[in-house]
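Undergrad: Take a look at the letters that make up each chain.
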Amino acid sequence: MQLQMQNISVSINHKPILDSLDLDVREGELISLLGPSGCGKSTLLKSIAGLLSPQAGDIIMDDMTANDWPANNRGAVIVFQDLRLFPNMSVLDNVAFPLKIRGMDKDTRRSKAAKLLESVQLSGLEKRKINEISGGQQQRVALARALAASPELLLLDEPFASLDDNLRQDMQQLVLDLHREYGITTILVTHDQQEALMMSNRIALMMDGRIVQFDTPQNIYNAPACKAVADYFGGGNYINGEVRTNVFHSDIVDFPTAVPDGRYLALFRPPALRPVKQDECYRVIDMKYLGEKWELNVEGNRRLFSLSVAARPGLEIGGRIGLDFDINQAVMIPQ
Amino acid sequence: MTKTGYTFLKIVIKLFAFSILFPVAIVAIWSFAGRWSWPQLLPETFSLRGMAELFSSYSGAMQTLGSSVLLSIMVAILAVVIGAMTARALVFYNFTGKQAVEFSAVLPIIIPGTVFAMGIHVPLIRLGLADNIYGVILVHLICTLPYTIKIMTDITKAFGSKLEEQAAILGASPWQIAADITLPSLLPGLVSSGCMAYIISFSQYFLTLLIGGGHVKTFTLLMVPYLQSGDRTVASAYSFVFIIATLLVFIVFDAAGRKFSHDGHGYLFT
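Read top to bottom, the protein sequences are chains F and A.
Following this note's numbering, the numbering of the first sequence begins with 7 at its first residue and continues without gaps.
Following this note's numbering, the numbering of the second sequence begins with -8 at its first residue and continues without gaps.
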C-alpha cells in the first residue's frame, strides 16, 4: 500500500499530539518511525490504523482518501508493544482469528494458521494457551496473527522493546525476512537508533508531533537536517562557524567544504577527532574504557571535546594533547 | 506456600464450608421434623407435613415457585443487559450527566427498601404499573441494577478496550468483536452479576407485596408468613426448596456461560 499523511493534526484531551504532520510511504517500503518517548509515534500509528480520527488533515491510501474508513476496513494492522493476544484463545486460534472473521472454514483456516506459525518458527505450540508461552514466543504469535490478516500495511509499535538482546536480534532478522518474503509496506516504530539505521529503507525522525527529517539511513546520519537530528543520533563535537567561498571558518578549525555559503555547525563525531603530539593545548579531564574503544574528554580553548580512540592512548588524566580534526568526517549542519 | 500455611488455609476453607452447610443441614432436617423440642439433638418424630404443604395443589407452592423463578430470571437477564450497557457507557464514553448517572445507579442501595417502595407506589399506580407483573419487574430491576452496574463497571474497566481495538484492526466488524472478544471476556462478570440480580429479585418480599398488590405471587411471598408464624417445619420446607431452586438456577447460569465461553470453563462451579 502507498500511504500519504497530509497535514495531520491530532489532539487528545485538548493536548496537541500531532502537529500538521506529513508522511509519504511508498509501496513495499520498510520505514522506521524514530523518536523519543512521547513524541507521538504511537498516536500516528493509531491514526493510520483508524483507531483515532485526526482533527485535521487527510490520510490517503492508494490514492483514496481514507479519513472515514473504519479500522476494520483499512487493511492496516498494528502489532502493539503489549501484543494484545486474545487470552481466551489458543496460539493457533489467535493466528486463525483474522481468517475466521473473513469467513474461512475451520479446516482451511487452521492449516493456514499452522503455516504462518511455521513461518515464525513456532510449530508445535499450536494448542498452547497464550500464558503458557514465553514473551518472545508471544511476540511471534502476534506477528503471525497480523500476517494472517493479509495486511497491506503492517504497523509495528516498538515490537522488540521488551526483549533481551539475543531475542531482539532474532526478531529483527525475522521481520526483515518476512518483509522480504511478503513485501508488505511496513512502518516500524522504535526509539532505538541502531535498529532504525539497520532495518529501514528510510527513517522518519519525529519530535514534538512533527517529522523533522525523512530520509535514507545514510543521509539522515551523514546529513542531518538540524542539530536535534544529529543529537538524536549521538551528537558529538559541534563547532560554530561560517562557510565563505567553500571554506569553513571557525575559531577552532578551518577547512575546505563543498556546501553553499552560510552559517553552519560542523559536527565532528568522537571518532573524527584524533589525539596528536603537537599544539598540545588540550587537557585530558576524563578517560573511560568501553571494551573495543576508549572514550576521552578533553578541555581547551574554553571548550570540551570528546574523542573515541581504539587503543589505550599513552596518556594520563591531566596530560596535555593536541587534536587532529578529520575533515573528511565533518558533518555540516546548516543553521 | 509453606506447609503450615497450606494447612491453615484448608482449615479456614473447611470452617467456611461448615458455616454454610451446617445451617442448611438444620433447615433440611427441620423440613422433615414432626416434633423437635429443646434440648433434643435430633427430632423426636419425623413427618411429611412440610412436604405435603409444599407439594399440595391447594398451596400452589410449586406453581408459584415456577413463575417466581421465571420472573427472577427475566429480571436477572434484563438487569445484566442494562447493567453491562450502562457500564460500557460509563467506562468508555464521556457524556453530559455522566456523574449523575453514576450516582443515581447506586441510589437504590442508599435508600431503604420500604421508603423506596412507598415512594414509588403512587407514581406506579398513576402509570398503571401497580398490581401487575410489569410493575414488579420494574421495581425489582431498580433494586438489582446498582449491583449489576457496579460489577460490570469493574469488569469492563479491567477488560478495557485494547483487545477490541486489536480485533477491529485485524478486520473484525463490531458484531464480530462483540461475539468473539467482548462477550467471552466479560462472561464471568455477566454470570456473577446475573446470579446477584437473580437472588436479589428472588428474595424480594416487601416490594413485591406492595407493588404486586397480592396479584403477583412469588415464592418469597408464600414463604415469609410461615417464617413469621413460627411453623418451623413448613417454613424450613419452603426455605429448603428456596435454597435448592436458587442453586439449580445458578448451575443453569453457569452452564449457559460455559456454553458460550471459548475455553469451556465454568465460573462458579468447575
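In short, the hints are calculated from the structure, not lab data.
One should not assume that every hint holds.
[What the hints assert, rightly or not] Straight-line alpha carbon distances no greater than 35 Å define the calculated DSBU-like cross-link-like pairs of lysine-lysine that follow: (1) A:148 x A:208; (2) A:89 x A:153; (3) F:121 x F:133; (4) A:-6 x F:118; (5) A:5 x A:153; (6) F:106 x A:208; (7) F:121 x F:106; (8) F:135 x A:208; (9) A:208 x A:5; (10) F:133 x A:1; (11) F:135 x A:148; (12) F:233 x F:283; (13) A:89 x F:118; (14) F:121 x A:250; (15) F:135 x A:5; (16) A:153 x F:135; (17) F:135 x A:89; (18) F:112 x A:153.
Undergrad: Going through the numbered hints above, which ones does this structure break? Give me the numbers in ascending order.
TA: 1, 4, 5, 6, 8, 9, 13, 17
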